[in-house]
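Asker: Listed here are the chains, written in short residue letters.
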Amino acid sequence: MQENKRPNLLELKDICYSYHSLQGETNALSHISFGASLGEFLAVVGPSGCGKSTLLSIIAGLLEPESGTVSIQNPDGSMRRPRVGYMLQRDHLFEWRSVYRNVILGLEINHMLTEERLEGVNRLLKDYDLEKFREKRPSELSGGMRQRAALIRTLALEPELLLLDEPFSALDYQTRLTVSADICRLIRRTGKTVILITHDLAEAISLSDRVIVLSPRPARVKKELPIRLTLTDDSPLAARNAPEFSDYFNVLWKELNYESK
Amino acid sequence: MKANKKELTKQEEFVREHRREHHRISSCRLLLFLLFLILWEVSADLGWIDSFFFSSPRLVLSCFLSMMRDGTLPMHIGITLLETVLSFLLVFVVSLACSTALWYSPRLSRVLEPYLVVLNSLPKSALAPLLIVWLGTGTRTIIAAGISVAVFGSIISFYTGFQQVDEEMIILIRTLGGSRRDAFRKVVLPGSLPILLSATKVNIGLALVGVVIGEFLAARRGLGYLIIYGTQVFHLHMVITSIILLCIIAMGFYKGIQYVEHHLRIRRQI
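Chains A and B supply the protein sequences, listed in that same order. Each residue of the first sequence is one higher than the last, beginning at 521 in my numbering. Each residue of the second sequence is one higher than the last, beginning at 1049 in my numbering.
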């Protein structure tokens, strides 16, 4: 397989997770295994409530899996623990901070307000057309701009692995199309490894290199589908107009609707 | 262009009407106050009420002026103000510390919850006699009374404010590699500042209530003492003067905190 040419950054082995309450046990994830190679853009789709967010929380280290292992390799081979950036569904920019002070929040928490890092942040602000808004309040930004600010906040810590938990679901459809394409282009430029969670099949196909389909709860990996699209230009709609798009869409659609009936 | 101009005058009209309404409300308030004073004065003068028991604006004013002149009233006012501000500050510090501890340890908060609820709903004036036995008569008892009235409610409202902060924002801090301490400093405290301020507005009023209760029972100085003393010697002008002064002090504190709140709001634009 082509993926094996590049080193694996992330490796999930046999991940199981259950939620416990007095009413009983809810099995969320059952023996999930997959990997992501360096620079790969992975999309995870599945029926709602199947445990997609739980999976990301485990990869991010916010939850401990009940069994199985998550290993994240360092791309430069060093012993340093690789950083994982996690972008939540809502941007959660703090209204009591300016855009700039929101963006450096991660650096502030990790005591990394070095000149070099701040310069990196300034460069990102410039690249993402937010420089003029750095002293503004988050409420003065549009939905797309807020997402970009949240992305800079995540990227400021220079994570090796980027986890996106339906980061566009709070936007209206029109904005969502442009912003998702826009943000993903920006991310691709950085060459980061990405895992995107979405319930939007079109979004998954148009943005990712490989789609992983999860089954309803308890989630298992049902299918892995590598995506190769013939693109004419890099407009938001280009991927959706690619000739292979509808085939991929049908495959995923069937895969998702097969068991839920 | 023409439409634009018309729009503008409509806007001006709206602003003018808004201001006019504002003036109307203010003058009604003032009028009501003056009417009350006149009615009070007239009924005292005409003998509808006995000015010995009910006093009158003129008698209150002369009592106020004479007590100001001999320096007793400034001292009593100063004492009450000082005690109230001290209890208020202590309430603020203690409840901030306690609610922070409760937030840090959910287990502690679950253990202490019933105690807080009971202590908060207990009528604090019932504690005052006990405080006198424990702490004697004097400033210490009065400040303790001021604290006891405000502190439990204050802890509960601070803690509730902390809890209302969106859980996802705390997760965000964790995704950025922050600890619970970071979450508290970066999210919980700044995020609940509006709630802290409005609780503070209530607290300062409650501290004043506590201080006056304390002065009723265990003081030789202060406006609460003046009220009790005045009643005992049937010098009711003095009692009413003190009550009016308490009204003014309460309003002053409230306005003061409102002013701070307003400025913080402008600075943080929330």
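Possibly wrong hints are sitting among the right ones.
Unchecked claim - Sample of chain B residues at the chain A side, in silico, Cβ under 7 Å:
id, residue
1, A1145
2, M1217
3, I1218
4, R1222
5, G1226
6, L1237
7, P1242
Stated by the list, open to error - Far from chain B by the CB rule (all over 10 Å, computed), these chain A residues:
id, residue
8, S538
9, H612
10, E628
11, N630
12, E635
13, E651
14, L721
Keep in mind that the hints were calculated from the coordinates and are not lab data. As the structure is a prediction and not an experimental result, all values here were calculated from the model. Where a beta carbon is used, it is the ideal one built from N, C-alpha and C, also for glycine.
Asker: Could you work out which earlier hints the structure fails to respect and list their numbers in ascending sequence?
Answerer: 1, 3, 6, 7, 9, 10 and 11
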